[in-house]
Amino acid sequence: MKFAVLGALTTAGDDGVALVVRGAKPRALLAVLLLEPNRTVPPETVTAALWGEDPPPTATASLHNHVARLRRDLRDADGTRLRTMPHGLELRVGADELDREAFEGRVRRAVEARNREDWETAECAAGDALALWRGTPFADVPALAGHPVVTFLQEQRLQALECRFEALLRLGRPEGLAADLGLLVEEHPFREALHRQLILALGRTGRRAEALAQFRSLRRTLVEELGVEPGPALQDAHREVLHSAASRHREPPAPFTAPESELPAVPGRTPPRPEQLPAPPDGFVGRAEHIAEIRAALESDRAGPACAVISGMPGVGKTGLALHIAEQLRPAFPDGRLYLNLHGATPGIAPLTPADALAALLHGLGVDTRRIPGDEAAGAALLRSALAATRTLLVLDDAASVSQVRPLLPAGAGCAVLLTSRQPLATLGAATHVRLEPLPPQDGALLLERAAGRTWAAADARPVARLADLCGHLPLALRVCAARLRSRTALSVEKLVERLARVEDRLDHLELEDLSVRRSLTAAHEALTGSGDPRDRDAATALTLVGALDLPEYGAPLMAVATGSSERVAEQALDRLVEVALLQETRWGRYVPHDLVRDFAREVADRPDARAGNTDAVERALRWYRQRLARCAAALRPGPGRAPGQPGDAPAFADAAAALAWGDTEAANLLFLADSGGHGRLGPGRTLELINSLVPYLHDRGRARDLERLTRHAIALARSGGDAAAEARALGQLATAHYSAGRVRQALLLLDEAVELSGHLADDAARMRHLGNRAALLRELGRGAEARATLARCLALRPDTLAPDEEATLAGHQGNVAELGDPRSALSFHLRSRDLARQGGSAVLEQVALCNAGRAHLALGEPDRALRSFDEALSATASGAGHWNAERETRLGRSQALRALGRPGPAREACEALIREAAARGDSYGRGLAEYELGHVLRELGDERAALARWRGALTALDGTDAPVLADLRTRAGAITSYNAQVIPETGSEGRTC
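Counting in the working numbering, the sequence shown runs from 23 upward without gaps.
Just so you know, these hints were derived from the structure itself, not from any lab.
These figures come from a predicted structure and were not determined experimentally.
Glycine included, C-beta positions come from ideal geometry on N, C-alpha and C.
Treat the hints with care, since some could be wrong.
Across the chosen pairs, the derived CB separations fall in these ranges [unchecked claim]:
#1 W610 / P302: 21 to 27 angstroms
#2 S514 / R629: 32 to 38 angstroms
#3 D697 / R629: 24 to 30 angstroms
#4 G944 / L882: 31 to 37 angstroms
Input sequences plus hints: build the corresponding full structure.
Following this line, the structure appears as structure tokens:
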């Protein structure tokens, strides 16, 4: 096991996999034990670290819980590492397991080498020590801020830095030291050793004036504030610089240029061309379109500077793309390339202020640090002056905001700026803006191969693709996995896939050394929680609820209910999460997190301090869905007793069209909750209620597959819970799904079960509905006698009073059965059904009745009346309130009426539109019926070949169904090759609305 304390506290197993210690108290417990490894830490010391000087009465009991949690997180089930001793706790830490001990040992070696003037060893040992330093020790454990051990380690770091700088000076390698030393003397203004080294570094790199000025400034500070003169070592350094300057008295004076206040560099010295870009990432893949777009914008002829912005979620590869492009742009910018990390989202580091960023850029251009203005506007003006006549590329990485970046922009036409940010920086006025998405699957697999240094065999294709999927095709995650594969040759792709497949552990395996998906996302989340902007705090709350709700997508109404806020506030919070690239807006008003953001949000939601509030929020959201869905069902099935569910206090929808539109918006979440993927949060009873309320929407939208899947799920739930009424209802609903798909015989068997169950329950109303539908199905199969007998059983159960919509349904069943022998009588039933539907306010039943009336007119040889009936049926639900089965049959009948009237052109257009709509809905049965009709239309148009092709397609689509036209299609299939197709009847019953 490895423990790292020189920075944020981290732990890792022997296999290098990060072990996450969750919770502030367990982390503080681990930290206080690591202060004294392999020693017994008294309970009062631990208690003080966890709760301060005034612990609560429950501290002892809570400590036991935190110890147990820490052992679990450290995989120390047997307590051999974290031991309970008679007088406290002891953490066993082996040799080379704690970075602090390695650090202290390397510092000791560096100091010893310095004392014996072994400068090569001193530089090497000090560098090795500093390589372990990641930041303030125990940086994420506030209880240890200012602890003596932390102070000691910080002093050790300064000693290591001084050893390294001294060694480099003694070895004659002073280049580049002045920048680091300049920052250090600002942090430690009275540390004379650092000042001495800075003066020597400046003097030995030709910056003698700066060195002398540094000594004068320090001497003035020491005298005025402490009343002492600089020490002997400092004075020796001063004399060295003076001697070096005197030895140059024979050199010609520097040429006069501009006044000193306007100079971007030291007079008389040409500043070096800046080449500050870090190396681009190895194994870069893809992004060809983005590269071409950005290069075109930055290399084009222009009157002013060019700016390109690359934005996207954490880990999507913004910096890598920017550096890759910058390397390609080297010839276009011969005066240099500046790079600056603005730390917009760096964990533990505040974003650079514009003034600090300007100072860094000017320093990179060689401007004397003494002449860099402290004023932001003056600094921006000096930067523009320094860059005005140059062709320089600025790469500004990880920008926090437009206000941070705008002062850094050059004005010269020869310059260009390449920006990366998690935010779009939309108001910056960039020439081009690229928003990065995760890599395409093929590029993700290629990045894995290149970065892992492995060559995949053909058998590896599937597991590699699965690994890329589990990484969400996010370059950061892919590189972490590649690094694991490269460093551990025994680790197979399959084993890594197994680890990442465990959702609860996924982010643990996407963390390795300085690469971490979790840390990247944590920085974004903490920037929101630590902001003073209420919108940021609302966004942080919304992200927590994204993890708690764990739904496919999110909208403002749902988030408003969950947070207890207004929809405007919820929408602003979701929009803010889009701005900081933690959500994607997949369509207007619908927000979806990346898979790894979803994993992180689950972790945030599972924190102990958030669970209670999240539970209440989730319950509010689920109640809102149940009530709104009940209102949706009531709008689609108006009339007493027809709408399932209890709408509660939810507002009613204006009409059926509004209800269907709401269902379209929320369908993904509703299906997720109703299906087995809903984690059982609703429980069996509420899940049955939800499915029952969802059926009208699914039926009206023609979503037969979803309807079939969910009703099967409902049947299983009802049977397991012994709910016979729910089972009978679900059987009837499943029969509807089978009928919609053309499987009439299967639907009939299910209705037989539903009728029997309703009889056992003595539920005459349900039995009447099931028998009416059964009669319609028997008529569809041409079994007239059985249909009439079943209809008689149905009518015998009719109560004395019925609502108009129920009367309309029964009249429709009577008309369907009457069509077998008496179309004129059937027409009268359908017209009565139409009138009753209008009386009951049911546009859907009105459409069904008018469609059936049109069929009766076709059977009577009255195509003109049939066309009027079909047109009236379509207009009955022109607002979008109809259901797909009725619309499909109506549009099909309308095409047949047009063909019968000798109008094959419009008939062809109607058929082709219906085929496209059915295909878009995944309705192969409807598509097959439309292809069958289109074959007749094409034949009448004289295109025999196209007609036969359509019939062939219809046969394929309708195979396995009970479509009445199948027998004719099979006859035609035998004659297709010889083009001797039989003429079929002009009109017929290709389908019936149930």
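Verification of the supplied hints:
no.: 1; hint: W610 / P302: 21 to 27 angstroms; result: violated, 37 angstroms
no.: 2; hint: S514 / R629: 32 to 38 angstroms; result: holds, 34 angstroms
no.: 3; hint: D697 / R629: 24 to 30 angstroms; result: holds, 28 angstroms
no.: 4; hint: G944 / L882: 31 to 37 angstroms; result: holds, 35 angstroms
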